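Visitor: Here's the letter readout for the chains.
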Amino acid sequence: MIKHFLSLSSFPQSDLFSLIQRAQFFFLNQHQPDKINHLLKDRIFANVFYEPSTRTRCSFEIAAKKLGADVVNFVPENSSVKKGETVYDTLKTLESLGVNGIVFRHADDHILDLLQPQLKLPLINAGAGKNEHPSQGLLDLLTLFQEFGKLEGLKVAVCGDVKHSRVAGSLMVAARIFGMKIYLCGPQSLMPDVSDQYVERADFDKVVPEVDAVMMLRIQLERHENLDLNPKTYHDEFGMNQSRQLLMKKNAIILHPGPFNRGVEISDDMVEHAQSRIFKQMNNGVAARMAVLEWAINGSKK
Amino acid sequence: MIKHFLSLSSFPQSDLFSLIQRAQFFFLNQHQPDKINHLLKDRIFANVFYEPSTRTRCSFEIAAKKLGADVVNFVPENSSVKKGETVYDTLKTLESLGVNGIVFRHADDHILDLLQPQLKLPLINAGAGKNEHPSQGLLDLLTLFQEFGKLEGLKVAVCGDVKHSRVAGSLMVAARIFGMKIYLCGPQSLMPDVSDQYVERADFDKVVPEVDAVMMLRIQLERHENLDLNPKTYHDEFGMNQSRQLLMKKNAIILHPGPFNRGVEISDDMVEHAQSRIFKQMNNGVAARMAVLEWAINGSKK
Amino acid sequence: MIKHFLSLSSFPQSDLFSLIQRAQFFFLNQHQPDKINHLLKDRIFANVFYEPSTRTRCSFEIAAKKLGADVVNFVPENSSVKKGETVYDTLKTLESLGVNGIVFRHADDHILDLLQPQLKLPLINAGAGKNEHPSQGLLDLLTLFQEFGKLEGLKVAVCGDVKHSRVAGSLMVAARIFGMKIYLCGPQSLMPDVSDQYVERADFDKVVPEVDAVMMLRIQLERHENLDLNPKTYHDEFGMNQSRQLLMKKNAIILHPGPFNRGVEISDDMVEHAQSRIFKQMNNGVAARMAVLEWAINGSKK
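Protein chains in written order, with the working numbering: chain A, 16 to 317; chain B, 16 to 317; chain C, 16 to 317.
Hint data in this document are derived by calculation from the structure and do not stem from the laboratory.
From a predicted model like this one, the values you see are computed outputs, not experimental measurements.
Any given hint could turn out to be false.
Any copy will do: because identical chains look the same in the list, a pair fits if it lies in one copy or spans two.
[Said to hold, decoys possible] With a cut-off of at most 27 angstroms between alpha-carbon atoms, the simulated DSSO-like pairs for lysine-lysine come out as follows:
no., residue 1, residue 2
1, K135, K295
2, K135, K50
3, K18, K265
4, K295, K264
5, K135, K264
6, K56, K165
7, K135, K145
8, K178, K247
9, K264, K56
10, K247, K50
11, K295, K170
12, K50, K264
13, K170, K135
14, K221, K264
15, K145, K196
16, K247, K165
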């Protein structure tokens, strides 16, 4: 059976936990190539990004190479790609060319649902639409698990443009699977319309002292030109900085999916603060993606 | 002696047939890396495409990697490349850098003839000018041979912009080598001025019931803006669709080099029709290019 | 200790000479993969070029692959890269992703000095600012050493836009280390303000008969539009051509870092003249970069 990696929501808790443990194995053995460089030998993945990405694309490429696989970077020509069907033809072409899996990013929220039943190779969601970014979700879970040794009951404040954030989307999915509590913070206009026992809106300053982690989201200044968003005002109201860090629990951590705007959603001195795990997240991202690629090819590891 | 792969016309029938057989070997062993991944180990190819390509470029890249070779994608900067001499300098540079072969695409019909005597490494034509696309020709021959167990005497209708098609060019060359019959179909203005015992103009609807294969060519809508070409009218007159498919022989096949315009030269339902071999062609393309790369490096295999 | 490769000036003579000897080893064994393809196995380098480059980028990529390493090409998005800090974040990201070294090019003269103390992986200068291009310097030294069996006492005329040339910059550094004599030739406006026992301004025609090598620099026509530089006049005054070649010593050689403008700083017939080592330099460039990559990862080889 083809194992598509589309959403964390398709995983039962035990399977998702197995994936986190496998990612932890890769984290621990990242500098021991002899233990991992044969696992996906002779496999070829295609990176197919219809939206720009350097971080996620490189992360998947490095993950594949560390497992002994190779990567073909397929750069879609915008000119010949205008309809959903043509995306299908592109992916079907790569399937025909013999690649073993497709790492895929696209702006459309629903394209993966349409495509996956028609493909005979694993499709790996590297960020589709504004709903989910499940490999980011996995690396966030890995980071939290490394820190706290558990996931159940953890409280995380997510602050920023939650409405348009795939990262927040996958974290909310994970919260429901593992019983975490997510507080959504930020400007009212950027909040999604969700509320249940795992996810609720909250005042940022009020929850900062209570949570185990704050996940700061990048303010996409280029998208909010007409929002009249002033970086300094935003930072004062919703940014992570020393005054908020001092309110955090001593063992609470600061997360950010990157890239970050220093001085907007996070102050310069917080990026590499002792409580920040931002670059740790990036490192974990490679381990998480190794687990995803291996799972997609070999089936879930227990 | 340097083995350039420039045109099918340089191959005696027996050598070209050996190449098809070698491609068939790679087709059959495409999922058995242990049998093939050492054949071009430690070789490095450069992909040098002066015209855009994703399909052919990826196909060669995957072919190289399946044989254990590596690929450097050299993206010519249009700014520094204005004269034929500079193309020479670029290729001579890559030769000096130690690459073992150059996979090359360029708009100029004659540039390969000028360049090849001056280079000390194999030059592989991945589409030069409008004359030939010999690795595409090889994959088409492989597809026909797999289907019919022979090439001599096969009848193929090629329909579309034959005049500007490298694909048709290489198929016509192959027809003369193997004794196939090619019928050229499509608008009068897009027909080349050729006619001999192997190649002749024909009415599409008249030959469809007689041929073993129809090769549909992509209508390059972007090139024919001033041709006043109406996609629907074109489709009615020259497109592959169910009504024409029903006229075909039961064992005849539909070919297309891709990418295709669904609804223009081929209807949506024909692309993956039981008689279509379009995605099979793409799969065969990797096998054919493995044979080409190996031949260029090691010399012709018997 | 992290071994950054930033400038030739940081090397004592004996260490730099060891690096030349190691490059010579790679030159001699470039066609014997079994002797070299394991040396950097399982390492991953990132090519990070903030300025366009095909030659140097490919050269490093091929060097890495010949040593068994892999390369990720990170293409900085100009839009998200506007401040020095963000370059830092980009490199820190790649460090976090687990790459083993960064091959780096940037327009800023001083960015490497700012960055290197903050990074925990080797940073390799592939041309930063207008000051140095040390891997080019190393390949030039290798080429001179192969030719003359020594470096001390050699006389080299460097002709062209010396002021903006990284290549000249690294050669001048090397001259001071090995006791070579560099004559700077070209239009007055393109001369730097330097003069010591190793480097002095000179009249091109006057020194051509005396030197062991002439290093022709590319006239960056695109930069000198307002200079009112006439290619023909320039060639007559400062170009390498047959009449000047005839004045050279019989064993003197012609160098050029490439890419070259045929007919401007060098005439067509001089590029591959028997006394030219221009394509040899490119070949040596791969060997030199293998030595650099290995040195950066493993520490200096004796």
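Visitor: A separate judgement is required for each hint: does it hold in the structure or not?
Guide: Hints, verified against the model:
1. K135 with K295: For K135 and K295, only the inter-copy Cα distance (14 angstroms) is at most 27 angstroms; the intra-copy one is 35 angstroms.
2. K135 with K50: Answer is between; shortest inter-copy Cα gap is 24 angstroms, intra-copy 29 angstroms.
3. K18 with K265: neither (40 angstroms within a copy, 36 angstroms between copies)
4. K295 with K264: within (19 angstroms within a copy, 60 angstroms between copies)
5. K135 with K264: Cα proximity of K135 and K264: none, with 48 angstroms in one copy and 29 angstroms across.
6. K56 with K165: This pair counts as neither: shortest intra-copy Cα distance 33 angstroms, inter-copy 36 angstroms.
7. K135 with K145: Within. Shortest intra-copy distance 25 angstroms satisfies the 27 angstroms Cα cut-off; inter-copy 35 angstroms does not.
8. K178 with K247: within (21 angstroms within a copy, 42 angstroms between copies)
9. K264 with K56: neither (44 angstroms within a copy, 44 angstroms between copies)
10. K247 with K50: Answer is neither; intra-copy 48 angstroms and inter-copy 58 angstroms both fail.
11. K295 with K170: Within. Shortest intra-copy distance 19 angstroms satisfies the 27 angstroms Cα cut-off; inter-copy 52 angstroms does not.
12. K50 with K264: Answer is neither: 38 angstroms inside a copy and 55 angstroms across each miss the 27 angstroms cutoff.
13. K170 with K135: neither (39 angstroms within a copy, 33 angstroms between copies)
14. K221 with K264: Result: close within a single copy only, 13 angstroms intra versus 75 angstroms inter.
15. K145 with K196: For K145 and K196, the Cα distance is within 27 angstroms only inside one copy (21 angstroms; across copies 53 angstroms).
16. K247 with K165: neither (36 angstroms within a copy, 61 angstroms between copies)
The structure fails hints 3, 5, 6, 9, 10, 12, 13, 16 (numbered hints given earlier, in ascending order).
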